[in-house]
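As a plain string of letters, each chain reads:
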Amino acid sequence: MMTMSKRVVWKIAAALLLAGLVHASNADPQGDRQHIIEYFAQRFPEVQLEDYIYGAMITNADARAQYEQIMEFPPFMNDIDAGRKIWETPFRNGKRFADCFPNGGRNVAGNYPYYDEKVDRVITFEMALNRCLKDNGEPEMAYGQREPMGVLTAYARTLSDSMRLNIRVDSPGARAKYEAGKDLFYRRIGQLNAACAGCHLYNAGNIMRMEIISPVLGHATHWPIFRGGEELMTFQGRFNRCMEQMRAAPYGYNSEEWNNLEYFLSYLSNGLVVKSSVFRK
Amino acid sequence: MFYSRRSFLHRLTSGLLVSALGLLQPLAAAAAKWNRAAFEAGKVEAAIAAVGASDASPSDNIVIKAPEIAENGAQVPIEITSNIPGTEAILIFSDKNVQPYVGTFEFKNGAEPFIATRIKMGDTSNLRAYVRANGKYYVKVREVKVTIGGCGA
Amino acid sequence: MRVRLNGDVAEIRALLEHPMETGLRKDPATDELIPLHFIKTVIVKLNGKPVLETEWAQAMARNPYIQFRVRGAKPDDEVTIEWEDNEGQHSEASAKVPPPE
Numbered sequence: 001m002m003t004m005s006k007r008v009v010w011k012i013a014a015a016l017l018l019a020g021l022v023h024a025s026n027a028d029p030q031g032d033r034q035h036i037i038e039y040f041a042q043r044f045p046e047v048q049l050e051d052y053i054y055g056a057m058i059t060n061a062d063a064r065a066q067y068e069q070i071m072e073f074p075p076f077m078n079d080i081d082a083g084r085k086i087w088e089t090p091f092r093n094g095k096r097f098a099d100c101f102p103n104g105g106r107n108v109a110g111n112y113p114y115y116d117e118k119v120d121r122v123i124t125f126e127m128a129l130n131r132c133l134k135d136n137g138e139p140e141m142a143y144g145q146r147e148p149m150g151v152l153t154a155y156a157r158t159l160s161d162s163m164r165l166n167i168r169v170d171s172p173g174a175r176a177k178y179e180a181g182k183d184l185f186y187r188r189i190g191q192l193n194a195a196c197a198g199c200h201l202y203n204a205g206n207i208m209r210m211e212i213i214s215p216v217l218g219h220a221t222h223w224p225i226f227r228g229g230e231e232l233m234t235f236q237g238r239f240n241r242c243m244e245q246m247r248a249a250p251y252g253y254n255s256e257e258w259n260n261l262e263y264f265l266s267y268l269s270n271g272l273v274v275k276s277s278v279f280r281k
Numbered sequence: 001m002f003y004s005r006r007s008f009l010h011r012l013t014s015g016l017l018v019s020a021l022g023l024l025q026p027l028a029a030a031a032a033k034w035n036r037a038a039f040e041a042g043k044v045e046a047a048i049a050a051v052g053a054s055d056a057s058p059s060d061n062i063v064i065k066a067p068e069i070a071e072n073g074a075q076v077p078i079e080i081t082s083n084i085p086g087t088e089a090i091l092i093f094s095d096k097n098v099q100p101y102v103g104t105f106e107f108k109n110g111a112e113p114f115i116a117t118r119i120k121m122g123d124t125s126n127l128r129a130y131v132r133a134n135g136k137y138y139v140k141v142r143e144v145k146v147t148i149g150g151c152g153a
Numbered sequence: 001m002r003v004r005l006n007g008d009v010a011e012i013r014a015l016l017e018h019p020m021e022t023g024l025r026k027d028p029a030t031d032e033l034i035p036l037h038f039i040k041t042v043i044v045k046l047n048g049k050p051v052l053e054t055e056w057a058q059a060m061a062r063n064p065y066i067q068f069r070v071r072g073a074k075p076d077d078e079v080t081i082e083w084e085d086n087e088g089q090h091s092e093a094s095a096k097v098p099p100p101e
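Chains as they are written, first to last, in my numbering: chain A, 1 to 281; chain B, 1 to 153; chain C, 1 to 101.
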C-alpha cells in the first residue's frame, strides 16, 4: 500500500507550482502541452511518452500483462462486429458512412475533435457520424447510447488505430474553445470541490479509492473502453461518470462543455498513438 | 439446487428427456460427461474429492501464470502448463468461488498440456491447478488477489 | 478462431460467444435474476479427432477464451470447435490450418 513519502509530497508541491504557472501564464496550447509532458517526465522518469496511452497501467506491469492477454482476443469482439455491420450497411440512398470521410474513414478519427469556423463549434467524431446520417437523409443517433452510436464508434474508431492524434488549434475561434475546455479541466466542481487536474495531473499515479489515478497525458487516445470487458464507455461517458463521482450533476453527452473539454484533452495528447475499443478493469 | 426452478420447469414442459435429477441419460451420444457433483460443491475440499483428486501430490512441474492482482474478477487471464509426463488433463479450482470447481481441460491426440483461458474469481483466493497424469493427480496452488475498485479509468 | 502453424504445432485460439451467466446477476430492466446459462462442454477436433475436451460451468469468463497447441498438424487440416450449453444449445465453428509461419 502506497504512503505519501516526503519526496512525493515535495514532488506534488512542485507540480502544483508548475501547473499553477501553466494555468496562469497564458501559454499557448503548444506551451501547455510541453509543460504537461515535462511535468510527467519528472513524475515518471521511467515511463516512455508513447506508453501514456496505457493510462493507470503505466506504473503497473501486472495490470498491463492482463490487458495484453485480454486484448489479443478481447471478449467484446462481438460488440465491435455489431458496429462494423452498422458502418457497412448502406443508407436508403445507397451511400455508406465510408463515403462521408476521406480514405473511406481510415485514419480520420485522430483528427477529431476539430473546430468548425462556420458554426463556431467543436465537432466531435460522433457529431461527424451524425452529420453523415443527416446529409444522407437518415435519422441521427442519440449521443451516449450504447446502441447504435456506442458500438458504431467501437468499430469506426478502430479504422484509425495506429494514427497519431492530430488536433489543430489554429484560429482565434478554435483557441477560445480550447481555453474553455482548459478552464473546465482546472475548475473545482461539485460537493467534493474537486478539479480534474487535482487528480489527473497533480495526483496521477497515486491511489484514490483503491485505484491508481491515470495521468491526463494519453487520456484522449483510447476510447471507447470496455469496463470489465463488457461495459462500453465513451470518453464523454467517462466525464459524466467521473463528475457524478465528484458529486456534481454532469454536463451531459454532446454538451458544449464536454465537447470543449474533449477538444482540450485531445490536443494535450497530440502525437500519441490512437488505439480504440480497449479493455479496462 | 443446481438448475434454477425456472429452467427445471422449462425442461419438464418442453418434453426433453434430460432429467434434472440425473437419473436418465440423454439419448444423444454427443452428451459428453459432466461432473455435476464437483460443479455443485460449495467447498473446495468437496469439489476436489468429487473429481477424485484429494490425494494429489504438490508439484513444481505445474506452472501457473496468473495476475498478482486481478484487474477484474470477471475476466482473469490465466495460463497453465504441465511439464509432468503423461499429462491427460488440467483441472482448475478457485477456492472462494461460490462453486470452486471451475472446469477441466483434457488433452488428446497430440494436444500439448497447456491452456490459456480467462476465468471468474469472486474474491482473493487460492487458484489451484490440478494435473491428472497416468491416472494420478498433482497440484500447484497460487494466490490471486481480487479487489473491488472505486473509479477505474 | 485463429490458427497458426509453427513447424507441426498448430496454435489454436478462439473466443466463444456466450453470456456465461452465473445466475447471480439481475437484469437491470426487470430487476429479476438472469438464470444460469453457461457452456458445459467444448470439443475441439483436428481432422475429426478430438484434441481438446472440456467440462465447464459458470465460472468460465463471459465470451470465454481458449488457447492451446496441437502437435502433428499440417496445412489444410481442419479444426472444428463444438460446444453445448446447459440449455441444450449447440454451436460449431471450423477453420483450416494455414501454411506455416
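Keep in mind that the hints are not guaranteed to be accurate.
Looking from chain B toward chain A, a few residues come up when the C-beta cut is under 10 Å (computed) [what the hints assert, rightly or not]:
| no. | residue |
| --- | --- |
| 1 | Lys65 |
| 2 | Glu68 |
| 3 | Glu112 |
| 4 | Ala116 |
By construction, these hints were calculated from the structure, which means they are not laboratory data.
The structure displayed is predicted, hence computed values, not measured ones.
Glycine residues also receive a C-beta, built at the ideal position from the N, C-alpha and C atoms.
(request) Would you settle whether the hint for Glu68(B) is holds or violated, based on the nearest Cβ-Cβ distance to chain A being less than 10 Å? (result) 5 Å, holds
(message) Let's test the interface hint: is any C-beta of chain A closer than 10 Å to that of Ala116(B)?
(response) Holds: closest Cβ of chain A sits about 7 Å from Ala116(B), inside 10 Å.
(message) Min Cβ distance, Lys65(B) to chain A: is it shorter than 10 Å?
(response) Given a least distance of 9 Å, the restraint on Lys65(B) holds.
(message) A closest beta-carbon separation below 10 Å is what the hint needs, so does Glu112(B) meet it against chain A?
(response) At 18 Å from the nearest chain A Cβ, Glu112(B) fails the 10 Å test, so the hint is violated.
Hint compliance for this structure: hint 3 alone is broken.
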